[in-house]
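Let the sequences and hints guide you as you build the complete structure.
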Amino acid sequence: MRYDLTLRIEYDYGAAAPSARNVLRVAPRRIDGVQSVENVRLEISPDPAEIRHRVDFWGNSVAGMSFHEPLRKLTARLSARVERLARPPTLDLTPRRAGLASEIAARRGLGPDEPHHFRAPSPRVGPDPGIADFAETSVAPDMTVLGSVLALGRAIHGHMRFDAAATTVDTAPSEAFAARHGVCQDFTHVMIAGLRSLGIPAGYVSGYLRTTPPKGRPRLQGADAMHAWVRAWCGTEAGWVEYDPTNDLLVGVDHIVVAVGRDYSDVAPVKGSLRTSGRQMSKHSVDLVPLDS
Amino acid sequence: MGQRAEAQDAIAALIEGYRVPDGVADEMLGPDGTVRAVWRPFLERFAHLSAEDIARRFARGDRYLRDAGVFFRQHADDGPAERDWPLSHVPVILGEDEWQGIAEGVKQRAEVLEQVLADLYGPGWLVREGLLPPELVAGNPGFLRPMVGQRPPSGRYLHFVAFELGRAPDGSWFVLGDRTEAPSGAGFALENRVATKRTFSDPFDHDNIHRLAGFFRAFRGALKRSAQSLDGRMAILTPGLGTETYFEHAYIARYLGLMLLEGEDLTVVGGRVMVRTVAGLKPISVLWRRLDSAFADPLELDDRSQLGTPGLVSALREGNVCMANAIGAGLVQTRAFLAFMPRIAEYLTGQRLKLPNIATWWCGQARERTYVTQNLNRMMVGDALSQELPFETDDATLIGGRFQDGRSLDPAEWIQAGAGGLVGQEAVSLSTTPVYEDGTFKARPVMLRVFAARTARGWTVMPGGYARIGRSEDATALALRRGGRVADVWIVSGARVEDETLDETGTTFQRAADSLLPSRAADNLLWLGRYVERAETMVRLLRAYHLRLAETGRLDDPRVARLDLHLRSLGVPRNIAAPGAVTATMDRAIRSASKVRDRFSIDGWMALRALREEIVDQTRHLQPGDEAARALGQFLRGSAGFSGLVHDNMYRFQGWRFLSIGRALERAQNMVATLADFAAPEAPEGCFDIAIEVGDSVMTHRRRYQIETNRSTVIDLLALDHRNPRSVRFQTCLIQSLARELPGAEVNGTLSEAMRIALRIDTQLATAEPHELDGTALAALGRSLQDLGEKITAAYLV
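Sequences listed follow chains A and B, in order.
Positions 1 to 293 (the working numbering) are the ones given, in order, by the first sequence.
Positions 294 to 1091 (the working numbering) are the ones given, in order, by the second sequence.
Since the hints were derived computationally from the structure, they do not count as laboratory data.
Backbone N, C-alpha and C fix where the C-beta goes; we use that ideal spot for every residue, glycine too.
Hints may be right or wrong, so weigh each one.
Stated by the list, open to error - On the chain A side, residues computed to face chain B include the following (Cβ under 8 Å):
#1 21
#2 57
#3 107
#4 114
Said to hold, decoys possible - Per label pair, the in silico range of CB-to-CB distance:
#5 B:652 <-> A:91: 29 to 37 Å
#6 B:703 <-> A:285: 50 to 58 Å
#7 B:498 <-> A:265: 53 to 61 Å
#8 B:864 <-> A:164: 56 to 64 Å
Have a look at this one:
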């Protein structure tokens, strides 16, 4: 599936910030055989004094920029043509949950896709006994790893209600889980915590959802802003499988990957430092329009 | 012959009650129970001191530490508290030969750790070859991914490291922990050396003790070479006042002549790290990092950090700054790594570790886990990924099969569940060393921190160290936090050691004449000047208030009422004798001074603290009126002493100018406010005299005008007279001459904005007649002064 992607981000800082430095992770990744990207354009206004593009540890593309003049307002516009080829797995080739540990142990390496990075607590997702209990009761012991991922994802989807206003970007997963509501970030963090408690390496994916659904299908939740979902390591054979707990589905061609990491802190679309006392306001809008269909 | 026997007897008497616990080694006594030869010269002299002499000497050492402002900071329930530096005056003494072996082991270990870091942040062979389990790296909060694949600009990860050493019962030395993140203690070692040397001055002989200065000189030289090759300056990066070791940072910055900077002093422009100074942005090329890695850059590391510099990591990527040590260097001080160090060392260097570490078993391996579970009685079991030392235990540590917080869990189940998150370490015994207590020597466990620095010729080891001594015989009581003591470490040679040119007794490296003044430091100096002056003005007004109250006994006396009103405008609450607002202002002054300790003389610091104590002591139980007035007079004399120190003793660097500008601005503004209230035409009778009194110009007025005070004489003397150091005009002249010396005051004949305003105000006052300075003009003058302050801040301090 091919798409035209447009992202607009607007920050209004109220009072002028004397200087600012920002890091953006908004451009889609190139993933061999899964996702191809062309004609990426990133326009920033006002013009940054410096801008540098690089790739981070996880392979995400990052734009770092700084402004030396006082800044009242910042807008970023990203456009790209993206093609997504991925299909969710149709055959479950994953081991039973009990067999996963030895497959992990057999892996020796520190590359960004190695499961070892995704088992331990990460900055935004620590162990949570409530989520661990929930995960344990949602999943049968003899299930395969993929089966466990689907079972836990469905359970979380049933347990939590999508509510765009109930949480903030800083809400802890345990809080969202206890309150049983949140946005894609909360669904994703809760599921990561649950999978890790089951011994399944799990990480965070940020990206975009197609804005207009195919005929006869409902519009997916989270399509009007950047979206987030889970990736789980399901053994050497199957590798990483992506699952969207907000919409309870295995990720296919409707999702465009921007960045992967252990949790939100690794992939935050905008990180910035501003020396300002003013209030910040931000607006995001996304259009991911299919070209074919 | 007789003398020698006498010395033997004296030593025997001294150590008569000295009991070394069973099964441990001792520093003073050899394995055969006799005094080690290297201790003998010290003990012979010590044994001949009378109890009074010892007490006097110890007090001398302690006084040095207090005067030098060395305190131990402790985090109590009600916030940080300071207590005396817990120096155990008796040094730990080691012979040169034994030391040589330690130093060789330290150098080897430092080099192995360097290679481990280079591998883990680089190609990753150690993990791929199975020498280190991947989860100990990938799941480690100390593994900082933005640094992966980034060779440090200097090519090296480690520049300054420390090792915590203990002596095993068999007499050999072993490592309790490697300190690579931001090792502290080298400055404390220096302080301990100076204090101990003062304690054991003549007839003690120091000729054979290795000096510490050469080590610091070598390290500083190495930093300097890196700085020159990168074309910039060097500085220490500190987390600031909030950290327990801030005093050490300030001390060592002063000693080495390095700038002491905090994250907010720095900014990154064009890929270079720059320090904000009063003369604009200047490049920094070497940072001796005392701030934890994770906090160094909120954009790429821990985004909750308030202490870091956004963009610092990007500057590292550009290769423009040398970090000592590299960001992420703390990874190799992970406890669980100790389990793998012996094999790693052999893999990397082909050699066994000369200095082994504490026996460690990682519970992520089945066999090791079983071993730990079966040997709980001689184990400490705790967090595998902790970067703390084995003895710095937390509640969830299992020692000898018992949890520190008393929880009742089955240890075996706990270990099985915790698995890779846990590590078992042998509950080692340390050696003991003498402390002098109640007139006799007692044996207490000791741990040495030793330091190594990278130089052009490889690693060099400080010939000495920082000893920490337990309070009781229990070796787990060692953490200083729990009330242990510290001591100097003497490495003694058989012959006289070469004198170091860098004298370690206090005269330090010279700060370069063109040293930079960071804007934040200048800001703190300016506010220090302001706060002390503000406190003084408050006290003068309070004294005037209490004198009038004593005279009339009436709160409704018009002068008393007006003083009360004026004081309230300064934030002094109504009708009280105890000047809490003055104390609060002095606290602010001290806080400002604390942030510039590296630029502040010890005497100035002491005077400032004494001044605050003065105001608290003098006014604690005072009754309003006469008594209060007298006590406040006492404070004013102390304050004059502080000003004297600043103005007679402080070198005329930029810092002094900002301090003086702060004081002058504050004094001018306060005087304008005083005149507006007390020299107003409608002011009650007697208010002109109050203005003259608060302006400390009673004598001058009498001599100069020989008439009663009237509005013209008051305004003339306190606003316009450029010869009266209390007048507004005097301050504006002063500010002008100070501002002229600041960077950018005049560029190509064009005056800076601050200079223009200063000049305008000054000219106005120079040409004004007393009657022209009415209420409206005074208000305008007040606004102009405020504007001047803001312009100076905008130009130099943000």
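Hints, verified against the model:
1. 21: holds (5 Å)
2. 57: holds (4 Å)
3. 107: holds (7 Å)
4. 114: Holds: closest Cβ of chain B sits about 7 Å from residue 114 (chain A), inside 8 Å.
5. B:652 <-> A:91: 29 to 37 Å: Violated, at about 49 Å.
6. B:703 <-> A:285: 50 to 58 Å: Holds - the Cβ-Cβ distance for residue 703 (chain B) and residue 285 (chain A), about 56 Å, lies within 50 to 58 Å.
7. B:498 <-> A:265: 53 to 61 Å: Since residue 498 (chain B) and residue 265 (chain A) have Cβ atoms about 59 Å apart, the given range 53 to 61 Å holds.
8. B:864 <-> A:164: 56 to 64 Å: violated (47 Å)
Of the hints listed earlier, those the structure fails to meet are numbers 5, 8, in rising order.
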